[in-house]
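What follows is the residue order along each chain.
There are 2 protein chains.
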Amino acid sequence: MKHFTLEDITAQKTRYKAHLINAITGYKSANLIATKSKEGITNLAVFNSIIHLGSNPPLLGFILRPTTVPRHTFENLKSTDVFTVNAITQDRIAEAHHTSAKYPEGISEFDVTAFDAEYKADFYAPFVVGAPIQIGCRYKNHYRIEENNTLLIVGEMEHLFVEEKMISEDGWVQLDKGNIVTINGLEGYALPKLLDRFSYARPKK
Amino acid sequence: MKHFTLEDITAQKTRYKAHLINAITGYKSANLIATKSKEGITNLAVFNSIIHLGSNPPLLGFILRPTTVPRHTFENLKSTDVFTVNAITQDRIAEAHHTSAKYPEGISEFDVTAFDAEYKADFYAPFVVGAPIQIGCRYKNHYRIEENNTLLIVGEMEHLFVEEKMISEDGWVQLDKGNIVTINGLEGYALPKLLDRFSYARPKK
Chain A
259 MKHFTLEDIT AQKTRYKAHL INAITGYKSA NLIATKSKEG ITNLAVFNSI IHLGSNPPLL
319 GFILRPTTVP RHTFENLKST DVFTVNAITQ DRIAEAHHTS AKYPEGISEF DVTAFDAEYK
379 ADFYAPFVVG APIQIGCRYK NHYRIEENNT LLIVGEMEHL FVEEKMISED GWVQLDKGNI
439 VTINGLEGYA LPKLLDRFSY ARPKK
Chain B
259 MKHFTLEDIT AQKTRYKAHL INAITGYKSA NLIATKSKEG ITNLAVFNSI IHLGSNPPLL
319 GFILRPTTVP RHTFENLKST DVFTVNAITQ DRIAEAHHTS AKYPEGISEF DVTAFDAEYK
379 ADFYAPFVVG APIQIGCRYK NHYRIEENNT LLIVGEMEHL FVEEKMISED GWVQLDKGNI
439 VTINGLEGYA LPKLLDRFSY ARPKK
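Protein chains in written order, with the numbering used here: chain A, 259 to 463; chain B, 259 to 463.
Rather than coming from a laboratory, the hints here were simulated on the basis of the structure. The reader is advised that the hints may include incorrect statements.
Because identical chains cannot be distinguished in the list, a pair is counted as satisfied if it fits within a single copy or across any two copies.
Taking lysine to any residue and the SDA-like style, the derived pairs with C-alpha atoms no more than 25 Å apart in a straight line are [as the list claims (entries may be wrong)]: (1) Lys260 with Glu416; (2) Lys462 with Arg329; (3) Lys271 with Ile425; (4) Lys435 with Lys451; (5) Lys336 with Arg402; (6) Lys398 with Leu322; (7) Lys336 with Ile403.
Sequences are here, hints too, so could you generate the full structure?
Here you go:
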């Protein structure tokens, strides 16, 4: 195995370090976050950092780097309090990845990609048409991670739309039934297939 | 599509809610965290909440529910300052899932599962033999998420071991070359295959 010490990692060039460290923690969720500014300009950006925080209340989180690309997302969700999270499917990975390009503030990614916005449930932020999971979230809080000056954004789920065929009787949502992808590092997109589902683990006798 | 409002979600039974909300944010990383108490007792537990926090310095995070199963992990990493993160592969998903069973404090999951501990690089916490990615981390900080009383633990990577065949020239680690799995919800394990890798996105002309 190749061994990197902290010193070895630190000594690498910025891009090498970013590729290496972004990949080694494992697969990441693949979602598009959509927002709309107070002035009515929509924004759409791919995120690989959305995480489950808790189910009661239903909370999710994601990491933002205040000084880089998806800043419009943060400005919009702070000023309007709402954003949506939309699952990325196999057929749309190239378009989804393209939302990470730096467009000027007045240009909506909905206009320069194949994604369409839809409005429902009286929610101010747009949902992405065709996403098999769409979550309407209200911004609750953010935490500054002192160690590298990133932000953990916390949102509460107010609306959840899921394709019926993906939902099991016990509430579990089988993601491969919706062809939902996962992200490997910064730019790799992979399609998982379910191997097995276990039950609540108990000690061996 | 099935529509759940916040009220609909809240009204569900605890397990239904947990299955539903744990799955809808997308695929999660699949890792085993290993620690060793000051008294020398090892602990091993499956985690689906490990996330990338930044590459410079190399930081990862994970979410802990202080009142549930993996508490030994937190006690050990607070008292010894170190833990390891070890990728889960396809052939070991049943054993990995079993580490979530509640064993008494004196029993090590290394003794009741097929996983073996190895020690290297003078690191106090054990690594999991055979894991294609092994990360030795130093505990840096934790943040209490007020909204549901969970903790975000922040660790810095001091040692990284990666199988050579998985590392690209530019530092990217291709996870499917190591048969590394991903987690769907609480108990579903899936195997991804790479679809495509893109480059840094730039605006269309």
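Comparing the hints with the structure gives:
1. Lys260 with Glu416: Between. Shortest inter-copy distance 14 Å satisfies the 25 Å Cα cut-off; intra-copy 45 Å does not.
2. Lys462 with Arg329: between (49 Å within a copy, 20 Å between copies)
3. Lys271 with Ile425: Close across copies (15 Å), not inside one copy (44 Å); limit 25 Å.
4. Lys435 with Lys451: Both, since 9 Å and 15 Å are each at most 25 Å.
5. Lys336 with Arg402: both (15 Å within a copy, 21 Å between copies)
6. Lys398 with Leu322: both (15 Å within a copy, 19 Å between copies)
7. Lys336 with Ile403: both (18 Å within a copy, 18 Å between copies)
The structure shown violates none of the earlier numbered hints.
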